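K.L.:
Sequences listed follow chains F and D, in order. The opening position of the first sequence corresponds to residue 1 in our numbering, with each subsequent residue numbered one higher. The opening position of the second sequence corresponds to residue 149 in our numbering, with each subsequent residue numbered one higher.
Hints are computed from structural coordinates only; laboratory data are not their basis. Accuracy of the hints is not assured; some may be wrong.
What the hints assert, rightly or not - Straight-line C-alpha distance at most 30 Å; calculated DSSO-like pairs for lysine-lysine:
1) D:K412 <-> D:K288
2) F:K5 <-> D:K465
3) F:K32 <-> D:K427
4) D:K412 <-> D:K314
5) D:K465 <-> F:K32
6) D:K465 <-> F:K52
7) D:K319 <-> D:K288
8) F:K82 <-> F:K118
Said to hold, decoys possible - Derived Cβ-Cβ restraints for the label pairs, each shown as a range:
9) F:P97 <-> D:G264: 43 to 53 Å
10) D:E518 <-> F:K121: 46 to 56 Å
11) F:M1 <-> D:E535: 52 to 62 Å
Values in this document were obtained by computation on a predicted structure and should not be read as measured data. Beta carbons: idealized from backbone N, C-alpha and C, even for Gly.
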Amino acid sequence: MYSEKVMDHFMNPRNVGEIENADGVGQVGNPKCGDIMKMYLKIENDVIIDAKFKTFGCGAAVATSSMATELVKGKTIDEALKITNQAVADALDGLPPIKMHCSNLAEEAIKAAIDDYKRKKGLLDDEGGCDGCCRRCDDVQQHLEEDE
Amino acid sequence: MKDTFIYLDHAATTPVKPEVLEAMLPYFTDKFGNASSIYSIGRESKKAIEEARDKVAMALGAQPKEIFFTGSGTEADNWAIKGVAYANRQKGNHIITTAIEHHAVLHTCQYLESDGFEVTYLPVDENGMVSPEQVRNAIKPNTTLITIMFANNEIGTIQPIAEIGKIAKEKGIYFHTDAVQAVGNLHINVDEMNIDLLSLSAHKFYGPKGVGALYIRKGTKTISFLHGGAQERGRRASTENVAGIVGLGKAIEIATQNIDQYNKKLIELRDRTIDEVLKRIPFVRLNGHRHKRLPGNVNFSFEFIEGESLLLMLDMKGIAASSGSACTSGSLDPSHVLLAIGLPHEIAHGSLRLTFGEDNTQEHVDYLLEVLPPIVERLREMSPLYESSLLAGKK
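Next up, chain F with everything else stripped away, as it sits in the complex (with noise of 0.2 Å):
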């Protein structure tokens, strides 16, 4: 079912932890789904020089996690805001679909996670952003059409 890299992140996942006194710290997902993946992120001067995760969930739960930091690191904020859920998966040589629920979630992760830097730094407006719903949602829906 899984690829060889999306069993290595899992197997031997990249920055789990958690980062005292981040600048940035975003919690997507919810319990009833089964996903919740908290990323953490060291910033300076815009750019992104650390970042750790937390994930309770699947295989590709912790995969994506692990790969959405290693590919948010180093990267400046816009630059780590461009980042989709397609890249982290195809970071990973592919998800089978019924779980690219858990990429979307990687991606909504980081956008929580610097929005949450905006926010600390009174660069945003509103209080707080969505829950991060993973959409498994979609997933499950398009893969019962797709056997219709």
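Assemble chain D onto chain F, guided by the hints.
P.N.:
Quick look at chain D alone, frame taken from chain F:
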């Protein structure tokens, strides 16, 4: 242990026993006759089928002519439920079942609902048990069928089948039980238990996949779904899967002969696993009734972690098991059984089912107890839920 493979998913399927395979093989080669054919090898196939039928009848305490071979347990469930529902539609259209049935029963009931039937899905207690009183209270003048599983495939809980059968008989309502997990594990007698229909499946008791059986008590009003030839006394057309049926017969014979020793062995493995895991790993819950459960069934929920991750890591260590998480079912929700016993979603997602079988040993349990705690700990360290609940001072 590089080449370790420890199979702990016997509720999903079992290997075919060597004696069973041996009994089946001739029916693929020399004895390949169609059982409906008049000549020698045809008659031989017919004879083999009838011998298997006798064995199934013996195992259930039924008459051979009450046993019908099907392609699976699912087919038997579908036939039993739809067959009785449609045949007795003039009398009534209400069916009683439980919230924890296998999908083969649940989805069949849901299909009947879409066709105008009324279905009551009885809730279960926190151990997954339904009470005879609940069943009695749910019965209405238009109830024509009660369908309640003998033992649950996920959490192992064994239902009070004989008591329910007694009530069904008293009220003159047909009683079907999905005994797919129970056959080969528990003593069954359809007369003593007042069962009118019973489903079983060979691949759960060391027989081949692709064959099952439905017991239908003589006199039960039911309809057929497979029309065509006259096989199975005109009630289930299809050229018989002779080899499969022979395998089913042989497997059920072996299973029922050895049921007590088998039970004893499995219970030892099961109970040691339950006791030790509860001792060694914190924040864990056993799902299903502690004692009224299938002899080889263990089902835990580990808080703060998710089931598929657990299975992948166990797989890396050579252990095969299953889970009730949504990720493993490919759907939106975790197991309906775990939700029905009242587990919150996130706890249901962290479930692990281990089901022991003939080939397991105490050494397997030793190994499991060695590898499981570090895996759980590792996944918890990665989980945002673990740290936040520890911070909240949760015990």
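K.L.:
Determine for every hint whether it applies to the structure shown.
P.N.:
For each hint, the structure was consulted:
With a CA separation close to 41 Å, the supplied pair D:K412 and D:K288 exceeds the 30 Å bound. Among the hinted pairs, F:K5 with D:K465 is consistent with the structure: their alpha-carbon atoms are about 19 Å apart, no more than 30 Å. Taking the CA atoms of F:K32 and D:K427, the gap is near 28 Å; set against the 30 Å cutoff, the hint holds. A distance of roughly 29 Å separates the Cα atoms of D:K412 and D:K314; the hinted pair therefore holds under the 30 Å criterion.
Between D:K465 and F:K32 the CA atoms are separated by roughly 29 Å; this keeps the pair inside 30 Å, and the hint holds. Distance hint between D:K465 and F:K52 is fulfilled; the C-alpha atoms sit about 27 Å from each other, no more than 30 Å. Straight-line distance between C-alpha atoms of D:K319 and D:K288 comes to about 10 Å, which keeps the hinted pair within the 30 Å bound. This hinted pair checks out: F:K82 and F:K118 have alpha carbons roughly 16 Å apart, not beyond 30 Å.
Judged by the Cβ atoms, the range 43 to 53 Å given for F:P97 and D:G264 is violated: they are separated by roughly 36 Å. For the pair D:E518 and F:K121, the beta carbons lie near 49 Å from each other, so the given range of 46 to 56 Å is met. Between F:M1 and D:E535 the CB atoms are about 29 Å apart, so this pair departs from the stated range of 52 to 62 Å.
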